[in-house]
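Those sequence lines, one after another, are chains A and B. Under the working numbering, the first residue of the first sequence is numbered 1, with each subsequent residue one higher. Under the working numbering, the first residue of the second sequence is numbered 1001, with each subsequent residue one higher.
By construction, these hints were calculated from the structure, which means they are not laboratory data. Nothing here was measured: the structure is a model prediction, and the numbers come from that model. Keep in mind that the hints are not guaranteed to be accurate.
[Unchecked claim] Partial list, computed: chain A residues near chain B (C-beta under 10 Å):
| # | residue |
| --- | --- |
| 1 | Val24 |
| 2 | Pro36 |
| 3 | Leu49 |
| 4 | Thr59 |
| 5 | Ile61 |
| 6 | Tyr63 |
The beta-carbon is built from N, C-alpha and C at its ideal position, and this holds for glycine as well.
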Amino acid sequence: MNDANTKRRGWSWWYLLFIIQCAVALWPPFYNRLEPTWLGMPFFYWFQLLWVLVGAGLTAIVYFATET
Amino acid sequence: MQEVNGPALIVFVALFGFITWLGFAAARWRKGDLDLLHEWGLGGRRFGTFVSWFLIGGDLYTAYTFVAVPALAFGAGAVAFFAVPYTIVIYPLLFLAFPRLWHVCHKHQYITAADFVRGRFGNRWLALAITITGLVATMPYIALQLVGIQVVVGALGISGSGGLSADLPLIIAFVILAAFTYSSGLRAPASIAIVKDVLIYITAFTAVIVIPYQLGGFDKIFAAVPPQKVLLAVPGANTTGAYGAYATLALGSAFALFLYPHSLTAILSANSGHAIRRNAAMLPAYSLMLGMLALLGFFAIAAGVGTAPEFAAGFKQFGNNFAVPALFLHSFPGWFVGLAFAAIGIGALVPAAIMSIAAANLYTRNIHREFINKNPTDKQEAQMAKWVSLIVKFGALVFIVFVPTKFAIDLQLLGGIWIIQTLPAVLLGVYTRWFNDWALLIGWAAGTIAGTAMAIASNLTPTFPLALAGFTFPGYTALYTLILNLVLAAVLTPVFNAWRKGAPFDATKHADYFA
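My request is simple: use the sequences and hints to build the entire structure.
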């Protein structure tokens, strides 16, 4: 068993990014509004769609940071 | 009764013909000995990042999802968008917990969650509870995939009038599905998933660009939606209202999703923990598409398909589930309608195949081998699974043809509440052996019984208005009963451990959970 595997056993501070990702997604008061609209789409919709992309980005960051 | 749409029908049938050929040809793909259960039922655990992406995506984002989520937006509005935070939250979970589960299952040749629980806790009754929960939760899910096919077949105008002939196209689709699953195992849905997902992506992106253009832009579309449907209702005093329901539905559904047997089958078929982690960053592409498809419900409102006379029969037969097919018929030329409907129809076959394989694996490994024939040969075991996959699909077909669709939908709702009760044993079991197996079993039973009772008390809707000290917390029943389950398991663990002599059983070692 090499070092990389041993490292992956424990906690990584990078995982905190997941908390941001989930907390925002699960807090409707934060995005349940009409303004600002984007291309005529209420904030509620475009923000959550955008957050999918942000979440994917954060997951990718955690992947590259923890995978050696 | 819809009129037959010629070009749509030709494209639809041609695409179905193609995937039928592909399903049978898949047996020769990355060839393995299909007389071994892990070859037939897990594709030999050989799928890399790319194929896993299609397979897991095709498995989790089912045809029924693509029909039902926009239908919910069409009928109920903003709440349907809970599917988006739901599919955001699942990926950290996939990233953190499931590579560990993959490693331990790979090491010990486990092919189901119940296999793992049996090995980890050494309690065949706890494993049986996990097995039965998995089987019971999967069956209505397969039946619902058939609803997806029924809706598009009805919209194509090729369902015959009355009696069994009305369901003939559905029966044909299912016979095809059963045959290629039997002969090719998991390789069939894996190869078909690639075709299906390409079709679904084409459909979703085209729809979300072309239809708003036809309707005069998003501002016009949202102006046509009744204002109370555009946003969640702001909660009143002393309640978390729609916010609580939205967030708990998203979180609870996320916890439940990867506990379904078909999710685990797709995950375990990956060739490494790396492939799973990479997919946690890549699978959100499907969430984005699902979110865009949810918007189709609003497009359907703005296009006025709900009141158009030519669609009245369809809405009468299928309810709001007809919103998306009607919108496509309204907005697209025939050949593209055929492509979009084929995407939905084939999109039903992929998860249905994986679900039936997952159910077959469960029965074969965790009921037949555990309780009936303890020492089957490899060939007997694989043959048993093939037969069970046929029986499961036939059962789903009979169910959907003879029982009102409402029952399948209600059962699928209950299935979510039931499957989440396996979380302490399976998901926490991946991290710790601290829980006592009997305490887990009692927690599971209490959660299942309480969840069923609460769901019935709230007229088979997913949320339960929990009242505490003058406050009301409407929330997803599955999540509330999971808390009950966890508390019971934690409190009873020291009690049961006091009786137990010696160290607890555990066939797995700490190092088994890593590369």
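Results of checking the hints against the structure:
no.	hint	in the structure
1	Val24	9 Å, holds
2	Pro36	13 Å, violated
3	Leu49	5 Å, holds
4	Thr59	4 Å, holds
5	Ile61	9 Å, holds
6	Tyr63	5 Å, holds
Comparing the model with each numbered hint stated earlier shows that hint 2 is the single one that does not hold.
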